[in-house]
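S.K.: Here is what each chain is made of, one letter per residue.
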Amino acid sequence: MTTPTLVAQIRKGFRSGTLASFALDVEIDVPPGITILFGPSGAGKSTLLDCIAGLTRPDAGRIASGDAVLFDSEAGINLPPQRRSAAYVFQSLALFPHLSAEDNVSYGLAQLSAAERRACTVEILESFRVASHGRHKPGELSGGERQRVALARALVTSPRVLLLDEPLSALDAGVKFEILEDLRGWNAARRLPILYVTHSREEVDALGERVIALDHGRVVATGAPREVLDAPRRLRLAQAAGFENLLAATVLELRQADGVMRVRLETGDAELEVPLAHAAPGDSVRLAIRAGDILLATERPSGLSARNILPGKILSLEPRSTFVTARVDCGATFAVHLTPGACRGLELAEGQNVWMILKTHSCHFVQE
Amino acid sequence: MTTPTLVAQIRKGFRSGTLASFALDVEIDVPPGITILFGPSGAGKSTLLDCIAGLTRPDAGRIASGDAVLFDSEAGINLPPQRRSAAYVFQSLALFPHLSAEDNVSYGLAQLSAAERRACTVEILESFRVASHGRHKPGELSGGERQRVALARALVTSPRVLLLDEPLSALDAGVKFEILEDLRGWNAARRLPILYVTHSREEVDALGERVIALDHGRVVATGAPREVLDAPRRLRLAQAAGFENLLAATVLELRQADGVMRVRLETGDAELEVPLAHAAPGDSVRLAIRAGDILLATERPSGLSARNILPGKILSLEPRSTFVTARVDCGATFAVHLTPGACRGLELAEGQNVWMILKTHSCHFVQE
Amino acid sequence: MNLTALLLSLRLAALVSLILLLISLPLGSWLAFGKWRGRFLIEAVVSLPLVLPPTVLGFYLLIAMGSRSPLGRLWERLFGHGLVFTFEGLVIASLLYSLPFAVQPVVAAFRGVDPKLIQASAVLGASPLRTFFRIIAPLAFPGLVTAFVLSFAHTLGEFGVVLMVGGNLPGITRTVSIAIYDSAQSLDYASANSMAMVLLGFAFLALSIVYAMNRRVWTPWTPR
Amino acid sequence: MNLTALLLSLRLAALVSLILLLISLPLGSWLAFGKWRGRFLIEAVVSLPLVLPPTVLGFYLLIAMGSRSPLGRLWERLFGHGLVFTFEGLVIASLLYSLPFAVQPVVAAFRGVDPKLIQASAVLGASPLRTFFRIIAPLAFPGLVTAFVLSFAHTLGEFGVVLMVGGNLPGITRTVSIAIYDSAQSLDYASANSMAMVLLGFAFLALSIVYAMNRRVWTPWTPR
Amino acid sequence: DELRVAAASDLQFALRDLSVQFQKKTGHTVSITYGSSGNFYSQIENGAPFDLFFSADIEYPRKLEAAGLAEPRTLYKYALGRIVIWIPGDAKLDLAKLKWNTLVDPAVQKIAIANPAHAPYGRAAVAALKTAGIYEKVATKLVYGENISQAAQFVESGNAQAGIVALSLALSPAMRDKGKRWEIPADAHPPIEQAAIMLRSSTKKETARVFLDFVKSQESQKILASYGFQIPLQDDAAGGRK
Ligand SMILES: Nc1ncnc2c1ncn2[C@@H]1O[C@H](COP(=O)(O)OP(=O)(O)OP(=O)(O)O)[C@@H](O)[C@H]1O
Ligand SMILES: Nc1ncnc2c1ncn2[C@@H]1O[C@H](COP(=O)(O)OP(=O)(O)OP(=O)(O)O)[C@@H](O)[C@H]1O
Ligand SMILES: [Mg+2]
Ligand SMILES: [Mg+2]
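As given, the protein sequences belong to chains A, B, C, D and E, one line each in that order. Quick note: the first sequence uses our numbering, first residue 53, plus one each step. Quick note: the second sequence uses our numbering, first residue 53, plus one each step. Quick note: the third sequence uses our numbering, first residue 8, plus one each step. Quick note: the fourth sequence uses our numbering, first residue 8, plus one each step. Quick note: the fifth sequence uses our numbering, first residue 1082, plus one each step.
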């Protein structure tokens, strides 16, 4: 049994004083399953969820879940939150401070009998590992415990839409992993439209079926996680997705036949072959390259499929726990991630001359 | 110029009703520089910071910053928060709701002239990319914007100790990266004792000079990030650090000379060679193994330094964005991370028989 | 000691402050959360009974509720006796007079409830009524206590309105405050003092209990 | 129309409610945040003036502040004239009588301030005084407005205590509420009505402005 | 059952005595409410359930009669009020000798009287002061009580150094031995005519009539006189004895 797709087409502006300070203008479909809402801080993610839940009234637009119209500015429809059957975990949690964890969770189960209510509550608190804190008030819970109670409070109801605003941000990897499993199971069992806001790549990887990327109040990309997050077309999105290398470059030449073009980095004079894009020679463009997509070699490699091989010099080597970050200067400075093993094997040291190897398709265009 | 080490030795219990529900009992040194406070949700991290800041009164103990005694239960000393010069970013932020972002930030600068105050405020808001929201009240800011304002409010003062409770949890990778850079610069310039609570491996990697791991209110490990997080000795810490495979096993035989011992997994009958530990044959132990530390091969490998080669069968292959998770059954079920390239190269498929290859030192002991 | 008068006063004060609480819950919640932008005018009107001298207010009420008024005549037709100079009349007059003391603190307390919690309740499917009783009212509890205490104490001590509308009839409308007033008027200080002491002692006890409980019951805040 | 009396009343009410605000800030903050566990007893005592009939309270005050009392004699030595039957005397008596209306809402409002914000202020190095004026008081603003409005209106309408301690001296202690009372007592309803109307109109205007501003000024909440 | 009587405050002591005697004699109980005559007038106009009204000012019963709210021809002038100058016992002034001049003495800074705007005793006090020719001199010293009891409280508590109060109060247990009094001659002010009347709405007119008759009796007049009331000569126009 699945629930119908949630469709929202919304405009909403905020003003500070007389100036319009932020405007949300989006049109999204959320089919059953988990859709990740991704975007830099201030992109409008929480505002969008508020509009869907009925807490913020859009300036114009329409929100519908299948046949049920939740909001329609033209038809003058605006269902109050309690009639939208949308469960919502607020970014600020908003636990009821005067109720115990258990009472917070059972709050949304008014229609059940006391015994059922209690059974549901205990079950979900247990699966979220906070059953031992059931009698605590929110003020007596740790940050992560509060977040789990808030999530339990939303999931225990039987909503038609689930809105989760960074529901796991305060949790450690272990608990997070378990709850992600729970969420997956929950989703598989119910197949509701779920909008899930997160900044965490880990959560996207674990959950995401689709990603909607938001920036400056607009949808800038939609699709599978890999498509959206690994080939981001927007500078801010690239930053948000954690691309370590963001470089300005000038287009030199288009090779339509090969589907590539040559660009020259703005600092230094290194040239790169990158995927063809809508640009003309002389245009300024920006490239995003993951530090993990760059290989290093101590000798100039030959007979390699990769077309971009840049000589450079190691400026620094910073060991991180699972990898080593090398900063390599080739006119511009690149961050490169290596495994500690590779680092040892190549006997890399600061000041050493190296070659950087980049596949054409590891270079992504971004718009500002 | 550096500030003296912060030394805290604290006991603090919470009770719910008459039952003691949680007890913190720690002794820590925080030298100048960034010390990561790591531990699962509910470990007592925020409670520890509250005690240091003077917001929660320990039941007993002593807190001192160099010669300055902040708290001493025996001497009856208990400096109020405002005289401890500790800047603190709360997990719940606690921005003043009636003051604009700017006024929140300049609140701690009472001793400066209006002009200086304004200059400092604008500068830090700019470097945290929230200058354009300076006149907004907290209620008009997004979650990430609020977190940045709270961080700015603490950093702009001249504290002797800095306490940060998950200060970047609501930020996307891009902004987080920039602010981590700022924090590093700030730390380099001042060298104060900084206690930094985080669950994020990324932040540990970017900042951590030392890690203190807390569990159930006690310090369970102290040291460099790699030592503490990659060889965790506690089950819950292992979970918190994101070890995907946690397996119960029985000790078969100790080989003191080789510094290894043989164990048998509790489900299935696979045997493993693991580093020697304080255990006797017949003991039950737990092993933590990272999914990324296991290799897969489609043919039985030979002439390999790795001593653990287990035959198994692929149960499932789940592509994640940057890697593929394979579940492999060899009696027990292992999670294994592969690159998508490796997955294609080996032409892996569900149901296929494979070999798992594990280095002895990838197997970590954990206590419950 | 005038036990009848004391009991009458307590009955009146308890009844009035309870009814006032019942009135100020919906009225206060409308004033705090309503949509009409002119609400503040009503808020001002609610406070007006305060600015008139009680006897004068009592005089107007006497006329408004008296045997010649439409209200008085309607009451007489319905219940067979007049409204003024009865306990019911006293209750109505005291309600009006103590209204501001109940409504004001309640409105202030309602305004202090974090709107995010109200939204959270609605999102969890709670009707406005359920939200009101399970979230808003408990969180506004100290304000409700203040409202109750102020209106209780004020009704206990009030005598101008009560005298005018009630007519000081022993056992029916002679409250202890009127009795004390009478004794003081007849320069019978001994009995005025002893009644005042009993009243003060009783009020002190009652208020102490309320305040001590208020502290206990009420701990909530937005989580840390 | 009795302009002198009206002005006197306004002066008295404004002065009394301002002083009461000044008193209830420290007193209220002690009651809300103090360490002593028996604070609730003081809270109860503060409300006691309410339960006595105003005239009787006025009588006790007359004796406590009168020419035979230590206070009265001290005052006389300091200022060369007695305390009762003067404007100063009225102010003191009204302060006592309206105290609960100021203190109660202030205490409730202070208790409603999220303690985490108070802690945040202390951690930022603010002295308790700075925390009080920059954080607690602004966040308790609606409660302070309630306190001001209730004590202002109550002082305006009060006449039992004022009559007793003030002695109804035209231009000195004859407030407009006494004047209205006098007219009503002499069955001069026309002038009583007209004075009451002016008083009500004025109070309505003042209260409307206060409430309208209160709404404007006050938006804060814990962030979403 | 009970006869309900509304009575002016100055009758408190006298009427209590009378009602006890009345009950002994007839077995009827009387419930008396004391208060301001002006208030009673308003209350009776609006349906107060009293049977008899003893007013400190004859004006009110007259108005009630004119308005048809009282039984015709039941108006009875039961007493004339007397006023005295009263000073606390610890005052050094020789009241008996100084008489009016007491009030002019600089030691007397405040003189308490009932509010002449609506209290008959206050009106009489002002009239007497004018007759004595010292009103102008003492006008600034006057403090007004809401009624004659409050005026008495002002002076009895020492906050006014002298007061003009009802003789009935000066004779009350609270004041009798605490100060000195000088009776102001009855001709110094228009008579303070006090009158009673039976109300139209009374449900116990028979008992009320019996009580009224009892008040008119010789015995009652003696009691009234002992509490400081002067017994007026009855004229038929005022509706005296039938
Ligand atoms: N009430 C308001 N008045 C004015 N501006 C507002 C208001 N609420 C939000 N904004 C602004 O709208 C923008 C979008 O806010 P929103 O909370 O939707 O961001 P977000 O995508 O959820 O960010 P984050 O990841 O930081 O939580 C922000 O720049 C914020 O400052
Ligand atoms: N006031 C209190 N009364 C009772 N128990 C409390 C109280 N405050 C905290 N606790 C308990 O103490 C434990 C430690 O809480 P603390 O907030 O220090 O955890 P934490 O390490 O910060 O966790 P998180 O990562 O989830 O924020 C928790 O289990 C919590 O429930
Ligand atoms: Mg948000
Ligand atoms: Mg915490």
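Bear in mind the hints are in silico, worked out from the structure with no lab data behind them. Quick caveat, the model's predicted, so the values are computed rather than measured. Built from N, CA and C at the ideal position, the CB exists for glycine as well. Misleading hints may appear alongside valid ones.
Interface residues of chain C toward chain A, partial, derived using beta-carbon atoms under 8 Å [claimed, not checked]:
(1) 11
(2) 14
(3) 123
(4) 126
(5) 127
(6) 130
(7) 131
(8) 132
(9) 144
(10) 177
S.K.: Can you name, in rising order, the numbers of the hints this structure does not satisfy?
M.R.: 1, 2, 9 and 10
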